[in-house]
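Using the sequences and the hints, build the whole thing.
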Amino acid sequence: MRRYIAFMLVLVALSGCALQAGRLRPTRVVQEVAAQAATGAPSPTAEPTATPAPENSEPPTPTPSPFAETPQSELSAETPPVEGIAAWKAQEAWLSDLYDRASRSVVHITTRTYTYDFFLRPIPQEGTGSGFIWDTEGHVVTNYHVVENAREIEVALADGTRTTASIVGVDPQNDLAVIKLDEVPADTPPLPLGDSLSLRVGQFVIAIGNPFGFDRTMTLGIVSALGRVIQNESGTFIGEVIQTDAAINPGNSGGPLLDIEGRVVGVNSAIISPSGANAGIGFAIPAHTVQRVVPELIERGYYRHPWLGIEAFDLTPRLAEVLRRRGVAVPDEGVLVVAVYRGGPAANAGIRGATARVQIANLLLPVGGDVIVGVNGEPVSSLRDLNLLLENRYRVGDRITLNIMRDGEPLDVDVVLAERP
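Residue numbers (mature numbering (1 follows the signal peptide of the UniProt record, and there is no 0)): -20 to -1, 1 to 401.
Since the hints were made in silico from the structure, they are not lab data. Just so it is clear, the structure is predicted and the values come from calculations on it, not from any experiment. Worth double-checking, as some hints may not be accurate.
[What the hints assert, rightly or not] Taking lysine to any residue pairs in the SDA-like style, the calculated list, with each CA pair at most 25 Å apart, reads:
1) 69 x 202
2) 69 x 183
3) 69 x 182
4) 160 x 108
5) 160 x 276
6) 160 x 182
7) 160 x 194
8) 160 x 281
9) 69 x 184
10) 160 x 143
11) 160 x 104
12) 160 x 280
13) 160 x 268
14) 69 x 79
[Said to hold, decoys possible] DEER-style ranges, computed between Cβ atoms:
15) 163 x 281: 17 to 25 Å
16) 142 x 214: 40 to 48 Å
17) 117 x 192: 24 to 32 Å
18) 213 x 358: 23 to 31 Å
19) 341 x 202: 44 to 52 Å
20) 341 x 183: 32 to 40 Å
21) 387 x 356: 31 to 39 Å
22) 387 x 280: 36 to 44 Å
23) 387 x 115: 48 to 56 Å
24) 115 x 142: 14 to 22 Å
25) 337 x 101: 51 to 59 Å
26) 319 x 101: 47 to 55 Å
27) 101 x 253: 47 to 55 Å
Beta carbons are placed, not taken as given, at the ideal position from N, Cα and C, and that holds for glycine.
In structure tokens form, the structure reads like this:
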């Protein structure tokens, strides 16, 4: 019996050693392989997998490991990874400094409007947006839709100061507005304007605003496209708009879009998104439009839009072909003048309206009027093109040359733009 017990104890001890060795093997094998990969030397415990070499043969040259680390003594300031890190750190420092400078001039705008219930009791509603300091007199630039119908306006500054403000001027067509702070901050510098006409697709831009009420949030992106045309809430079109993928969300409206020098190149205005939040397609009103409109808003309270004084419709290639079949001499495309307003710029310049009507299907189309095909040599193919060109390039009082077709013949007519009534 004692022999049996001793035999069983020895057997259990041997099996325990074998079990322990089995559990450690995978780890040890991995460590050995890793050590071999790092040093290039074969493992002392590795079993041979090929016929042993003769004793007088030279040992094989170990294959360098792709994971082998570069000795510290070989690293220098010219090593590409170090240069890359330094470049990123320099960019980070630049952006942080830009934010410190520019965010002081970005404000948080809260508006209150009132609606009335069935019993004519007022129901207050709040809205939020962004804006930026325009000058040392306390003027702030923002979007028209931010302050539209506002009964009360409160502005929060970067230092936490809150003050009330009043509307100075609005331009619904360009979605711009100017408000004035009742208490002008002494240490809040205005943001400088940049040159939006020299922007190129791919340039970095920075948006600072108050998305969803989060004060002075900064996002980074690029200029995705230039010269976009968007339709504002009033149904009119805004041209030469900047498209960007910098994150713009509700609450960013009215905030500045900056170049890498911290200059305002646009005013963030709208996004395209199925959810109402950022989808990578944001739009900003260009700085050259802001520069043209804002001074008049401060001076007059409104912007004087240039006006030709015509009624017209688009002449498309398909419509032109139909009209030519009816004996009407028209170009392939342009703006066909239907009527001119008496005493207006076009009438004073001798532009002619329609002189006859042609029935096409169930429609009576006025024809015989001048067809505008260009302005100062720049072609236009639709009424929208004409309006955007006048709006973005010219002002009230400017003398322009309308390139027209009259009875199939080209003609240039000088017109002095007037203020739109």
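Here is how each hint holds up against the structure:
no.	hint	result
1	69 x 202	20 Å, holds
2	69 x 183	19 Å, holds
3	69 x 182	21 Å, holds
4	160 x 108	17 Å, holds
5	160 x 276	14 Å, holds
6	160 x 182	35 Å, violated
7	160 x 194	23 Å, holds
8	160 x 281	12 Å, holds
9	69 x 184	17 Å, holds
10	160 x 143	10 Å, holds
11	160 x 104	22 Å, holds
12	160 x 280	14 Å, holds
13	160 x 268	21 Å, holds
14	69 x 79	15 Å, holds
15	163 x 281: 17 to 25 Å	21 Å, holds
16	142 x 214: 40 to 48 Å	30 Å, violated
17	117 x 192: 24 to 32 Å	31 Å, holds
18	213 x 358: 23 to 31 Å	29 Å, holds
19	341 x 202: 44 to 52 Å	48 Å, holds
20	341 x 183: 32 to 40 Å	50 Å, violated
21	387 x 356: 31 to 39 Å	23 Å, violated
22	387 x 280: 36 to 44 Å	42 Å, holds
23	387 x 115: 48 to 56 Å	53 Å, holds
24	115 x 142: 14 to 22 Å	20 Å, holds
25	337 x 101: 51 to 59 Å	55 Å, holds
26	319 x 101: 47 to 55 Å	48 Å, holds
27	101 x 253: 47 to 55 Å	35 Å, violated
Violated hints, listed in ascending order, are 6, 16, 20, 21, 27; each of the other numbered hints is respected by the structure.
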